[in-house]
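In order, the protein sequences belong to chains H and L. First residue of the first sequence: 2, per my numbering; consecutive thereafter. First residue of the second sequence: 7, per my numbering; consecutive thereafter.
Incorrect hints may have been included.
[Unchecked claim] With a Cα cut of at most 30 angstroms, we get these calculated DSS-like pairs of lysine-lysine:
| no. | chain 1 | residue 1 | chain 2 | residue 2 |
| --- | --- | --- | --- | --- |
| 1 | L | Lys317 | H | Lys358 |
| 2 | L | Lys361 | H | Lys358 |
| 3 | L | Lys317 | H | Lys156 |
| 4 | L | Lys317 | H | Lys329 |
| 5 | H | Lys202 | L | Lys361 |
| 6 | L | Lys206 | H | Lys108 |
[Said to hold, decoys possible] Computed from the model, here is a short list of chain H residues facing chain L with C-beta under 8 angstroms:
| no. | residue |
| --- | --- |
| 7 | Thr99 |
| 8 | Gly114 |
| 9 | Ala254 |
| 10 | Gly257 |
| 11 | Arg355 |
Worth flagging that the hints you see were computed from the coordinates, not collected in a lab. For every residue, glycine included, the Cβ atom is placed at its ideal position computed from N, Cα and C.
Residue strings, one per chain:
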Amino acid sequence: MKLKTTIAVAVLCAATSLTPVINAPILSGAALAASQKTGPQVTSFTLDNGLQVVVIPDRRAPVVTHMVWYKAGSADEPRGASGIAHYLEHLMFKGTKTVKSGEFSAKIAAIGGQENAFTSTDYTAYFQRITPEALEEMMRLEADRMENLVLTQEKILPERDVVNEERNARTENNPGSLLREAMNAALYQNHSYGIPIIGWKHEVNALTKDDAIAFYDKFYTPNNAVLVVAGDVDAETVKVLAEKTYGKVKRRAEPGERMRTKEPEPRAARRVEMSDARVRTPSFSRSYLVPSYYSNDTNEAEAFDVLSEILGGGTTSRIYRQLVVEDKVASSAGAWYQGGSLDETQFGFYGSPRNGKTLPEVEAATDKVIAKLLKDGVTEAEVKRAQKRLVRSSIFTQDSQSTLARIYGGSMTLGSTIESIQSWPDRINEITVEDVNSVARKYLKLKRSVTGYLKPETAAHKNEG
Amino acid sequence: MKMISQKLKTTFAVVGFALSIAGTTISSAYAVDIKTVVSDKGIKALLVEDYAVPLIAVSFSFKGGSTQDAVGKEGTASLLTNLLDEGAGDLDSQAFQVALDDNGMKFSFNASQDSFSGSIQTLKSESARSFELLTLMLNNPRFDADPIERMKASRMNGLRAAETNPQAIASKTLRNALYPNHPYGRPSGGTLESMPAITKQDLETYRKNVFARDNVVIGVVGAISPDELKAMLDQVFGPMAEKANLKPVPETQVKTGETIAVDFNTPQTIITMAMPGIKREDEEFYAAYLVNYVLGGGSFSSRLYEEVREKRGLAYGVYSYLGTKDHSGVVGAGTATSTSNTEKAVEVILTEIEKMAKEGPSAEELEKAKKYIKGSYAISNLDTSGKIASVLSAIQSAGLGIDYIDRRASYLDAVTIEDAKAVAQKLLSSKPTIVTVGKTAK
């Protein structure tokens with residue numbers, strides 16, 4: 002499930018799926034749990050030009066993860082220019098005033114390093130994984146492209162075709178992704194989370210060099226970025242190197258506070274259906290509009306993480322037990338929560354009917370689980386078990402410097418502090434049965450939701466397309 | 007866990023590249039202190055002790071993957087990966103899932119064509135119980151009727167979905183064309199006909215034949231001493247049969263030269279092609295590995311990337327790979343492009359393959375490839391306990407020796423430009439089998 006949610010948020014620049022970012026940032030639940038008392042000594046400081054720097058030492062192997070996160074994602078795009086955040090991400094590899102297109106990549110390849118970038122609704126990030134000796138050069142080159150990007154017509158047009166092919170691969174060739182786009186568009190009636198990260202096809206095709214440069218000049222500035230260095234480094238060294246490289250980048254813009262249009266109070270349940278000849282196995286999904294970790298100051302997001310474990314955390318969860326094991330109405334089913342977004346997010350359910358069963362049967366079974374939850378609430382034992390799972394996951398994250406870098410980078414880009422990231426397990430442990438019941442009853446209302454049916458094409462539908 | 011591991015598998019299956027990564031690229035960038043540990047019952051494991059993080063990672067692999075599925079029962083190994091955690095010993099499915107949940111270890115099982123492998127990660131503080139549960143899963147799975155039916159239903163859903171997934175259609179078509187009369191040509195995930203035919207007895211037979219002490223390699227990393235590891239090895243692997251009972255798999259060379267266009271109505275056409283390759287133990291392996299990197303193995307810096315993506319914007323991803331199986335080898339390439347560009351993309355890839363066959367890499371490209379492949383090992387594979395554990399297991403599967411990590415750079419350095427040119431000519435001169443899945447011109 003986690004992977005599925007992740008792919009929905011992050012659009013990668015990867016050339017192949019060999020890169021580690023296939024697991025890109027999961028900023029909800031488990032992922033925020035980067036901390037533990039036994040965990041790394043994470044420190045942070047800010048350069049004079051406003052660049053925030055986070056250092057996460059892990060001295061076990063001579064490897065460093067170097068990431069720059071910009072507080073700019075698809076939800077920050079001007080209306081009508083959807084996809085520009087992601088297109089710019091691709092164009093950032095096309096060279097600067099002093100560095101030729103491909104030269105940065107060649108330097109990374111020369112030492113066996115890895116690199117990539119990804120765009121989500123709320124941020125865009127670039128990273129390299131290298132040996133410690135190469136860190137300074139990476140910092141110099143990344144700092145250089147923060148202010149010196151040069152785009153030529155000759156470079157940007159083929160890259161727009163590449164983005165189109167990326168959209169073809171992720172979305173046009175995949176009916177499930179097309180339905181997801183339609184569901185997002187229906188769920189968000191006024192907020193730009195309803196627009197796909199990769200952009201609508203017709204708008205991507207009209208994007209220009211000027212669109213890219215305008216977005217770059219507005220958001221790519223040190224005071225709008227977070228630098229994360231994780232791995233075989235210490236904070237003192239990073240500080241010296243950061244001042245020498247990023248410290249020389251001027252403050253290019255004042256993007257200000259990120260104010261997006263707010264969703265109105267939802268009044269009507271929405272339904273989206275799609276039939277496609279490429280669909281063999283129908284699927285049901287439902288998403289509710291709910292708070293994220295950053296959309297309000299309550300503990301509702303923590304409560305939703307606990308609820309999501311109870312409803313959808315593996316084969317002992319309520320949804321899987323009821324639909325797949327007991328009723329045998331679905332061949333797979335679950336629930337998920339994606340808490341790591343700046344504005345209101347989604348709590349989702351999904352299920353695919355077992356052979357001979359139907360989408361309405363899966364939906365009815367899901368609604369039965371939800372109705373029982375709202376009526377009787379969760380149990381103390383369920384909450385305890387969910388808390389244990391969530392908190393324990395935080396210790397596993399310590400084994401991977403790149404996971405830690407993504408968690409800290411993504412969370413701090415959205416406004417978390419080191420302290421708030423590290424106190425996440427404590428906050429999860431404070432969640433009570435009442436907290437969980439209260440968010441379920443407050444938000445799991447049909448009028449806050451969109452329901453999606455993905456169906457095989459039948460003769461009756463054939464002529465619609 | 008189940009959801010995650012299945013999803014991951016699907017993702018990686020898209021790029022057949024993983025084949026050539028595991029067990030082949032190991033660098034000498036820095037020293038890893040590897041100990042050989044042999045238990046009282048004679049079970050061997052490689053160990054890297056590391057107490058920096060309170061975790062233990064274990065990776066193991068049995069020889070004999072889907073090639074050991076009985077004829078007509080294709081998908082047995084694959085289904086088994088879903089059923090080991092569905093009840094074992096006295097605990098039925100639900101009770102076992104709760105026990106796993108309480109313990110909290112992460113685990114996954116995977117069946118390839120040549121091996122059945124698994125890995126776990128556990129907190130040191132919970133490891134005693136984790137090892138008990140792993141022992142139960144591997145030695146006493148119950149295979150109760152209800153979970154078997156449930157997992158088959160889920161697999162059947164996946165198989166139905168694959169029928170209209172262009173990537174899956176492409177892989178299946180290519181596999182059938184390359185290996186028409188060989189176990190490698192059989193679908194490791196099973197078919198809509200074979201999956202319902204698999205019984206509890208088939209699963210049990212497979213497990214008994216394959217899970218054996220003479221047939222397993224084990225790598226362990228983390229907060230565990232050699233003595234603790236010895237006890238764990240006897241506990242988990244001790245109860246298994248001493249000798250595996252594997253059906254022999256014949257050596258085979260892929261059949262090539264065909265062009266197959268599968269008509270399928272979708273906007274982007276999948277292109278995949280392959281020709282005869284070499285095996286891991288061949289002397290030319292390192293030269294071939296370097297040549298593949300130059301052609302299409304390096305993600306942002308290969309010839310194919312430059313020609314197909316950078317210059318022409320024909321595709322988002324383009325690759326070539328060296329697929330080394332236990333009994334065959336393959337060199338492949340592929341991409342996905344808008345249907346109207348299909349011929350152009352095929353032509354560009356073929357032109358690059360021909361050019362590489364004729365001229366080989368330049369001296370400069372070869373040097374760059376060596377630098378990348380030497381440097382990338384530690385960066386890509388040695389930064390987490392789980393990855394190091396799988397390296398330790400892979401080194402043994404490939405029979406490379408405990409000092410391989412230190413020696414690897416010298417094997418790469420020994421490849422001369424003449425070696426590289428010779429292997430490029432040998433491997434890339436034949437006519438590949440080409441499969442396209444997309445709308446065909448009418």
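Now for the hints, and whether the structure bears them out:
| no. | hint | in the structure |
| --- | --- | --- |
| 1 | L:Lys317 to H:Lys358 | violated (49 angstroms) |
| 2 | L:Lys361 to H:Lys358 | violated (54 angstroms) |
| 3 | L:Lys317 to H:Lys156 | holds (8 angstroms) |
| 4 | L:Lys317 to H:Lys329 | violated (52 angstroms) |
| 5 | H:Lys202 to L:Lys361 | violated (36 angstroms) |
| 6 | L:Lys206 to H:Lys108 | violated (54 angstroms) |
| 7 | Thr99 | violated (20 angstroms) |
| 8 | Gly114 | holds (6 angstroms) |
| 9 | Ala254 | violated (29 angstroms) |
| 10 | Gly257 | violated (34 angstroms) |
| 11 | Arg355 | holds (5 angstroms) |
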